[in-house]
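A.B. asks: Let chain A serve as the given structure and place chain B on it in line with the hints.
Residue numbers (our numbering), protein chains in the order written: chain A, 1 to 206; chain B, 1 to 381.
The set of hints was computed from the structure by calculation and includes no laboratory data.
Just so you know, these numbers come straight off a predicted model, no measurement behind them.
Mixed in with the good hints there might be a few duds.
Unchecked claim - Which bits of chain B does chain A cover? Going by a derived footprint, with three or more residues having C-beta under 8 Å, they are: (1) 39-53; (2) 146-153; (3) 186-198.
As the list claims (entries may be wrong) - To give a feel for the contact side, a few chain B residues facing chain A, derived at Cβ under 10 Å: (4) Q66; (5) Q160; (6) A170; (7) H259; (8) N263; (9) R271; (10) Q274; (11) R327.
For every residue, glycine included, the Cβ atom is placed at its ideal position computed from N, Cα and C.
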Amino acid sequence: MRKRIPALAALVVVLVLTAACAEPPEERVLQAEQELQAARDAEAATYAAAELRDAGLALEEAQQEIQAQNERFAIMRDYEEAENKLAASMEKARLTRETAVERKEEARLAAVESLALAGQAVEEATTALGNAPRGKGTKADILALTADLDGVRSQFPALEAQIDQEDYFAARDKAASITESAQAIAGEIKAAVEMEARILAKRRNR
Amino acid sequence: MVRGHRRSVVILAATLVLFTVLLIPWDTPPTPEALRSPLRRLVQEAPPGIPRLDLDEKVARVSQLQQQAAIAVSRQSRRLPLLRGYTEARRLLATAAAAADEALQAMATRQAGSRHEAITRLALAQEALLNARAAGARAHLQTAGRRALIQQEIALEEAQHNLTRGDYGAAVHTAGQVLSGSRNEQENAARTLARLRDQATVARWRRWVDQTVASSKRQNSTALVVDKAGHRLLLYDSGSLLTTFPVDLGLNPIPDKLHEGDNATPEGRYRISQIREGGSTSYHRAFLLDYPNEEDRARFRQARGEGLISAEAQIGGLIEIHGYGGRGDDWTNGCVALTNPEMDFLEGWVKEGTPVTIVGALPMAPGDGLPGTPAGAGSVH
Numbered sequence: 001m002r003k004r005i006p007a008l009a010a011l012v013v014v015l016v017l018t019a020a021c022a023e024p025p026e027e028r029v030l031q032a033e034q035e036l037q038a039a040r041d042a043e044a045a046t047y048a049a050a051e052l053r054d055a056g057l058a059l060e061e062a063q064q065e066i067q068a069q070n071e072r073f074a075i076m077r078d079y080e081e082a083e084n085k086l087a088a089s090m091e092k093a094r095l096t097r098e099t100a101v102e103r104k105e106e107a108r109l110a111a112v113e114s115l116a117l118a119g120q121a122v123e124e125a126t127t128a129l130g131n132a133p134r135g136k137g138t139k140a141d142i143l144a145l146t147a148d149l150d151g152v153r154s155q156f157p158a159l160e161a162q163i164d165q166e167d168y169f170a171a172r173d174k175a176a177s178i179t180e181s182a183q184a185i186a187g188e189i190k191a192a193v194e195m196e197a198r199i200l201a202k203r204r205n206r
Numbered sequence: 001m002v003r004g005h006r007r008s009v010v011i012l013a014a015t016l017v018l019f020t021v022l023l024i025p026w027d028t029p030p031t032p033e034a035l036r037s038p039l040r041r042l043v044q045e046a047p048p049g050i051p052r053l054d055l056d057e058k059v060a061r062v063s064q065l066q067q068q069a070a071i072a073v074s075r076q077s078r079r080l081p082l083l084r085g086y087t088e089a090r091r092l093l094a095t096a097a098a099a100a101d102e103a104l105q106a107m108a109t110r111q112a113g114s115r116h117e118a119i120t121r122l123a124l125a126q127e128a129l130l131n132a133r134a135a136g137a138r139a140h141l142q143t144a145g146r147r148a149l150i151q152q153e154i155a156l157e158e159a160q161h162n163l164t165r166g167d168y169g170a171a172v173h174t175a176g177q178v179l180s181g182s183r184n185e186q187e188n189a190a191r192t193l194a195r196l197r198d199q200a201t202v203a204r205w206r207r208w209v210d211q212t213v214a215s216s217k218r219q220n221s222t223a224l225v226v227d228k229a230g231h232r233l234l235l236y237d238s239g240s241l242l243t244t245f246p247v248d249l250g251l252n253p254i255p256d257k258l259h260e261g262d263n264a265t266p267e268g269r270y271r272i273s274q275i276r277e278g279g280s281t282s283y284h285r286a287f288l289l290d291y292p293n294e295e296d297r298a299r300f301r302q303a304r305g306e307g308l309i310s311a312e313a314q315i316g317g318l319i320e321i322h323g324y325g326g327r328g329d330d331w332t333n334g335c336v337a338l339t340n341p342e343m344d345f346l347e348g349w350v351k352e353g354t355p356v357t358i359v360g361a362l363p364m365a366p367g368d369g370l371p372g373t374p375a376g377a378g379s380v381h
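Same shape as in the complex, but just chain A:
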């Protein structure tokens, strides 16, 4: 019995030390990866690219810290820093997802608003064209500008398709272009009307 006591004591010490060894936080890593994927699924690459990169970086650093700790003696391993980094990564990924959803909605609203503005600009140009005096002097301009306005209007189906496909940034670019063109046409209508008025005034003064 007395000879066995030292062996038993050594066994107890080994068991205690083994139990005290830290385990790598594998489940937390999985959770962090899932959070990051959820941010990607929310189109963060488009709407919150910088934040997504930061969240990805935090996860990468956490995984590197875990790998580094795994290379140490079992009893020397400490995963506390890795756990902190994983928590930071999950929080960043969650915020990234929320930011992406918010910004996507903002982009959608901006695209819809720019579509409305484009429609309004075309409407105003059409009204101006309708109100322009019809005379031989304005006929050339009216024919030309009617064709131009038709060309502008023909862009709307493609613009609406972009919004339907959630390509909001491209839709805003197209809508801005349509608005600029319609406003330029309205300016030309105004110039044509003013020129006709000057010609008529000349005739009356003869």
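C.D. replies: Here is chain B on its own, set in the frame of chain A:
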């Protein structure tokens, strides 16, 4: 006894000294911040708009090297402090840092290249569109042509917005569409203008002008020639060119008039059938032409028979030379417009029956003058 005690102290002291020396590290590891630096720098300094797959590939490479450096540091922890060496770890970290630098440089170069390509394409597209606009203006493009050009202009502005937003791929793609679309329109305009170079047509115009000038010389009378492409009216008297005036033409000036409402100025040999002034015209002064003549009627019948124009179309009429011109633009329904003072001047030279020959173009060989001038020697070459 004392000697034995002193020996124990010496042995204990030596053991303590040895133990202490073994615990002193002779080499220090890279700091945790230094170990994280290459990847952090790569991710945070990567230019925006880099394709995700490209960035992921570079991140993976730097991450792997950085990881190897961290592992090399960790493995040293198993050794006694005196025996630890971090040379390999530092080498791996330096390689990771160099890889990050190289990746950042490559991305910046690629980004600059993409931007440059987008700017170049946009410039080409802009030039092509300007050329198409100019060609369209020369050919007096009608509805379909104008609609196509405005669509190209909208697309060009869209490409500009893409570029401003940093979406270089989209800018290049849209500018490419503008480039090919504009070139198409330019070709369309060229086809419209091609009739001005058709040999048989040009030969016919030459013959008409020669005959008109010769007749004016023979009869010592006045004749008018309208050169549509040149936008000018030539006044001849007794076969000699007296003067020329710029003219405004129909909205659709290039083709020969075929039917009412086509806004084209007719081509042919006509005469002034009536001179109008005062209350009988809204255009200060007007010379009514005897359009349509027999040739015009024959062409109209043929076009209607071939289905080129609708059965309900009318040949039209009331083609005049009249005032309120001088706008530098083609705006009439087919008439020829001059300024009022020019019409007043012409009125002193023409009468009912004065020949008016209208041609699509008055082409001449280099070095020749206009018909009826000394250099032109009364003929068109």
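A.B. asks: Against chain A, is H259 of chain B within 10 Å by beta-carbon distance?
C.D. replies: 17 Å, violated
A.B. asks: Using C-beta distances, would you say chain A covers the segment 146-153 of chain B, given that this needs three or more residues below 8 Å?
C.D. replies: It holds: at least three residues are needed, and the segment 146-153 of chain B offers 7 whose Cβ sits within less than 8 Å of chain A.
A.B. asks: How about N263 of chain B: closest beta carbon in chain A under 10 Å, or not?
C.D. replies: 8 Å, holds
A.B. asks: If you look at each residue in the segment 39-53 of chain B, do at least three have a Cβ nearer than 8 Å to any Cβ of chain A?
C.D. replies: Since three or more residues must qualify, the claim that chain A covers the segment 39-53 of chain B holds, with 7 doing so at under 8 Å.
A.B. asks: Grab the minimum C-beta distance from Q274 of chain B to chain A and call the hint holds if it beats 10 Å, violated otherwise.
C.D. replies: 19 Å, violated
A.B. asks: Verify the interface restraint on R271 of chain B: the C-beta must sit less than 10 Å from at least one C-beta of chain A.
C.D. replies: At 24 Å from the nearest chain A Cβ, R271 of chain B fails the 10 Å test, so the hint is violated.
A.B. asks: Per the CB criterion, is Q66 of chain B less than 10 Å away from chain A?
C.D. replies: 7 Å, holds
A.B. asks: Should the hint that A170 of chain B touches chain A count as held when the rule is a Cβ pair under 10 Å?
C.D. replies: 6 Å, holds
A.B. asks: Against chain A, is Q160 of chain B within 10 Å by beta-carbon distance?
C.D. replies: 8 Å, holds
A.B. asks: Mind checking, does the segment 186-198 of chain B have 3 or more residues with a CB under 8 Å from chain A?
C.D. replies: violated (count 0)
A.B. asks: Please verify that hint: R327 of chain B, Cβ, nearest Cβ of chain A, below 10 Å or not.
C.D. replies: 8 Å, holds
Violation of the numbered hints given earlier is confined to hints 3, 7, 9, 10; the remaining hints are satisfied by the structure.
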